[in-house]
Amino acid sequence: MEKRKVVITGIGAISPLGLSMEETWANLIDGKNGVKELERFASEEYRAHKAGEVYGFDINNFINDKNLKNIGLCSQFGVAAAKMALDNANLKLTDTDRIGVVIGTTMGDVQELEKVDEDYFYKGIDAINPKSMLNYPANEIAKNIASVFGFYGPNNTFTTACAAGNYAYGYAYDCIQDGTADIMVAGGADVLSRVAFAGFNRLFAVAPDVCQPFCLDRKGMMVSEGAAFLIMESEESAKKRGTKILAEFLGYALSCDAFDITIPHEEGKGAIAVMSSAIKNAGIKTTDINYINTHGTGTKENDRVESLAIKEVFKEHSIKLSISSTKSMLGHLMGASSAIEGAICVKVLQENIIPPTINFTTPDPDCDLDIVPNIAKKKQVDFVMSNAFAFGGNNACIIMKKWEE
Amino acid sequence: MKNKIVITKTGAISPIGVGVENFISNIQKINNPQDIKTFDTEKYDIKKAFVANDFDPKPILGDKGLRNFNRNTLFILSAIKKDMDNEINYFKTEDKRLGLTIGTCFGSLQSISDYELDIFDKGPRKINPMGFGNTVLNSPTSRANIWFGLTSQSTTVSTGSISSAKAIEFSIGQINKNVVDAMICGGAEELNMQTFLGYYLNKFLTKNEEITCYEKNSTGTIISEGCGLALLETYENAVKRGAKILASILGYGTSFYGSIDNTKNFSTKGVVNSIKNALKNGNIDTKDIDLVISSANGLTPFDSMEENSLMEVFGDRLTEIPVIPLKSLIGETIGASGLFSIVAASNIKDIKELPFVYKYSNGQKKLIKVNNFKINYSNFTKILVNCISECGNHSAIILQIEK
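Sequence order for the protein chains is L and X.
When you number the first sequence by this note's numbering, it's gap-free, plus one each residue, and the end is 432.
When you number the second sequence by this note's numbering, it's gap-free, plus one each residue, and the end is 1285.
If you're looking for bench data, these hints aren't it; they were derived computationally from the structure.
A portion of the hints provided could be inaccurate.
To be verified - In silico lysine-lysine, DSS-like type, Cα no more than 30 angstroms apart, as pairs: (1) X/Lys-1151 x X/Lys-929; (2) L/Lys-327 x X/Lys-884; (3) X/Lys-929 x X/Lys-1126; (4) X/Lys-919 x X/Lys-1059; (5) X/Lys-925 x L/Lys-142; (6) X/Lys-1247 x L/Lys-30; (7) X/Lys-1085 x X/Lys-1251; (8) L/Lys-429 x X/Lys-919; (9) X/Lys-978 x X/Lys-1089; (10) L/Lys-338 x X/Lys-978; (11) X/Lys-1059 x L/Lys-312; (12) X/Lys-1004 x X/Lys-925; (13) L/Lys-404 x L/Lys-59; (14) L/Lys-307 x X/Lys-925; (15) X/Lys-1008 x L/Lys-93; (16) X/Lys-1146 x L/Lys-32; (17) L/Lys-307 x L/Lys-404; (18) L/Lys-342 x X/Lys-978; (19) L/Lys-271 x L/Lys-158; (20) X/Lys-919 x X/Lys-974; (21) X/Lys-1004 x X/Lys-886; (22) L/Lys-150 x X/Lys-929; (23) X/Lys-1158 x L/Lys-267; (24) L/Lys-158 x X/Lys-930; (25) L/Lys-30 x X/Lys-1004; (26) X/Lys-1151 x L/Lys-338; (27) L/Lys-142 x X/Lys-1256; (28) L/Lys-267 x L/Lys-347; (29) L/Lys-150 x X/Lys-974; (30) L/Lys-96 x X/Lys-1151; (31) X/Lys-1256 x L/Lys-327; (32) L/Lys-307 x X/Lys-1122; (33) L/Lys-158 x X/Lys-884; (34) X/Lys-1151 x X/Lys-1247; (35) X/Lys-1162 x L/Lys-119.
To be verified - Residues from chain L that keep clear of chain X, each with C-beta distances beyond 12 angstroms, as calculated: (36) Glu-50; (37) Asp-57; (38) Lys-63; (39) Arg-74; (40) Asp-92.
Since we're looking at a predicted model, the values are computed, not measured.
Positions of the beta carbon are idealized from the N, C-alpha and C atoms, including for glycine.
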């Protein structure tokens, strides 16, 4: 039996570079940096002081419902990004069990837990708002999105750290292929967390000034926040609705380093396995891929290992590939990072423009690939790959293709 | 179902017993909640829970390398080592692809909070960098992948109280896609101060020492902890390797019917749909089901929703089906609860007598507790495991018990 084709019909995003995918994309191809001095909480005591924050966000600018102010900020990001993706897909259906919601997140509405901890520590138990504990669990985000839009199909949440967004895309792809749903609202959301900011700082993994992936001078990553969603849909559903198809989702793969909780496998075993499996699963050749949106965190070890793995998987084709790290501009959106990077890949396929890796100064011989330094590049792109390599060695890789009738 | 997926092994670390054998043995008697020792309960008027006070990972895992692991991680590692060591060795020796999927609602909650409280207490430059790896919700699963060298995949699913049922769904999908040969599928939850506080402050906990299910005057639930596991593989694979088959998964159904306000998520629509979807998925009639392991936990709106849903799906047939609210015997294990139900169902042949079951009374139109109900549990062949959650997300799994 021939597999159902899964296509993408809508994208939406909230990021440090904009309150929509259009604004985010325009800033990305302009090479703008969304990482600034941290405002969310005082950072004097920390080693680094910059992060990627979403500015000027108000959920009621997207949906005028006062109840939405009572849900966590991460859920609000998710609802807003999902709403924009649905509008982009011209999807008006509601109250249906043929549409599902799946999200990936590292910590969910963790700011709700942070409120509880802060009240507990400084004021005592009586000061804790019990509702914060109900708002906290990671599944609240998918629940809130599905509830707002009346989508009663599959509803799931993956908490596989920084690869979670790609896990969500993979699950959505499976739900559509096996007929459990016709349409999936799939993506990721995370908010800037004090725990993540402090932890990465303590691991000396945060760059003091700028994020410089694949550059010899790289000093680390930038903690960031946001949300992104794709509307993934069966080809027949999209055609029946007469909506524009933006790209085709070809496949995905998962792997695990089983090596260390914070450090990637030194020989890139998990990364090699996941990229190779994704290519196999997508039914294409390595030479078909034109662009990889890398995990590219800007840490010494991640970028070295990812470069090594790309060269191992793509062999001589690796020098023909363009790769870039959009984290150089957006920072690291944690579980939402692969979600927004998937959305960026859709734009790359549509526009034939590759966003740059900014802040590049000096080539690293270990990362001798075309990283599209500093300035966006025009290039015909027909197949894209997006990598996500998370804490715990949880790896997920997706492949998409330019849509052709 | 695409392939016949079977359960060939189960595992359990629970407050009522370490290892499946002890777990099955002890659900056949009344177990009382114990004093909470993992955190200070002085400020609360509830001091007991179903807590695994007797659990000690060292005899199972050895002394080395455990210092930085949180309780949830230790549950998962110990459950796998205790009950699935031979299977892991088999799959590794044969170079087979063995994945790991864990469902957990709260995952590393205590580690996240501990880290934050340390930031407040010591300042961000003095917190322990080693502790940061534990703050991601997937760290317990990933630590198990590392410990046992499982490279095929590592997945953490967090869908509230049905997390581990969703882990089953995900595992079935991955096996059907032939990207793994088998999946260790689990549910894990640790009892910690934050989870306790969440339940306590929202007045979900009873001060009584028992959970009273399906009763209007129930005063709440008793929180619990632990890890339940099931090894899933295709029937062909199990037969080929000569594995003992405990049960096969006949049908799986899931549904969502929620609202932003969790206090409004008590419509029967979602629960009914998930059970009907499971029946449809397995091409099974309601008359084929001979036992229900239910999700009731003593929270009245929750229990009523399930009771009404079962009545809606089964009608008068419900009078013939015993209903076991497993949480009344082991406590509310939240994200792990679905897997504990699967463990109990898969080993039903080893159950001689439960302290009580619930039977539907047509006259009273409700489920009634029946003590010392005499029934031959080894006769049950098709069991419905019903998993419901406060967020409107529901799952139902139908198992065929192998003779």
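Status of the hints after comparison with the structure:
1. X/Lys-1151 x X/Lys-929: With Cα atoms ~36 angstroms apart, X/Lys-1151 and X/Lys-929 exceed 30 angstroms; violated.
2. L/Lys-327 x X/Lys-884: violated (44 angstroms)
3. X/Lys-929 x X/Lys-1126: violated (42 angstroms)
4. X/Lys-919 x X/Lys-1059: Judged against 30 angstroms, a Cα distance of about 44 angstroms means the pair is violated.
5. X/Lys-925 x L/Lys-142: holds (20 angstroms)
6. X/Lys-1247 x L/Lys-30: violated (47 angstroms)
7. X/Lys-1085 x X/Lys-1251: holds (24 angstroms)
8. L/Lys-429 x X/Lys-919: Answer violated: L/Lys-429 to X/Lys-919 is near 58 angstroms, above 30 angstroms.
9. X/Lys-978 x X/Lys-1089: violated (49 angstroms)
10. L/Lys-338 x X/Lys-978: holds (27 angstroms)
11. X/Lys-1059 x L/Lys-312: It holds: about 20 angstroms lies between the C-alpha atoms, which stays within 30 angstroms.
12. X/Lys-1004 x X/Lys-925: holds (24 angstroms)
13. L/Lys-404 x L/Lys-59: It holds: about 15 angstroms lies between the C-alpha atoms, which stays within 30 angstroms.
14. L/Lys-307 x X/Lys-925: Roughly 57 angstroms separates the two Cα atoms, so the pair is violated.
15. X/Lys-1008 x L/Lys-93: The given pair, whose Cα atoms are some 41 angstroms apart, is violated under the 30 angstroms limit.
16. X/Lys-1146 x L/Lys-32: Since the Cα atoms of X/Lys-1146 and L/Lys-32 sit roughly 37 angstroms apart, the hinted pair is violated (cutoff 30 angstroms).
17. L/Lys-307 x L/Lys-404: holds (28 angstroms)
18. L/Lys-342 x X/Lys-978: holds (27 angstroms)
19. L/Lys-271 x L/Lys-158: violated (41 angstroms)
20. X/Lys-919 x X/Lys-974: violated (38 angstroms)
21. X/Lys-1004 x X/Lys-886: violated (54 angstroms)
22. L/Lys-150 x X/Lys-929: Holds. L/Lys-150 to X/Lys-929 sits at ~22 angstroms (cutoff 30 angstroms).
23. X/Lys-1158 x L/Lys-267: holds (28 angstroms)
24. L/Lys-158 x X/Lys-930: The given pair, whose Cα atoms are some 23 angstroms apart, holds under the 30 angstroms limit.
25. L/Lys-30 x X/Lys-1004: Status violated; Cα separation ~56 angstroms.
26. X/Lys-1151 x L/Lys-338: Status violated; Cα separation ~52 angstroms.
27. L/Lys-142 x X/Lys-1256: Judged against 30 angstroms, a Cα distance of about 51 angstroms means the pair is violated.
28. L/Lys-267 x L/Lys-347: violated (38 angstroms)
29. L/Lys-150 x X/Lys-974: violated (52 angstroms)
30. L/Lys-96 x X/Lys-1151: Within the cut-off at roughly 27 angstroms; holds.
31. X/Lys-1256 x L/Lys-327: violated (66 angstroms)
32. L/Lys-307 x X/Lys-1122: Status holds; Cα separation ~26 angstroms.
33. L/Lys-158 x X/Lys-884: violated (42 angstroms)
34. X/Lys-1151 x X/Lys-1247: Roughly 19 angstroms separates the two Cα atoms, so the pair holds.
35. X/Lys-1162 x L/Lys-119: holds (29 angstroms)
36. Glu-50: At about 27 angstroms from chain X, L/Glu-50 clears the 12 angstroms cut-off, so the statement holds.
37. Asp-57: Consistent with the label, L/Asp-57 stays out of reach of chain X, its closest Cβ about 33 angstroms off (over 12 angstroms).
38. Lys-63: Its Cβ never comes within 12 angstroms of chain X, the nearest being 19 angstroms, so this holds.
39. Arg-74: Given a closest Cβ separation of 7 angstroms, the condition is violated.
40. Asp-92: violated (9 angstroms)
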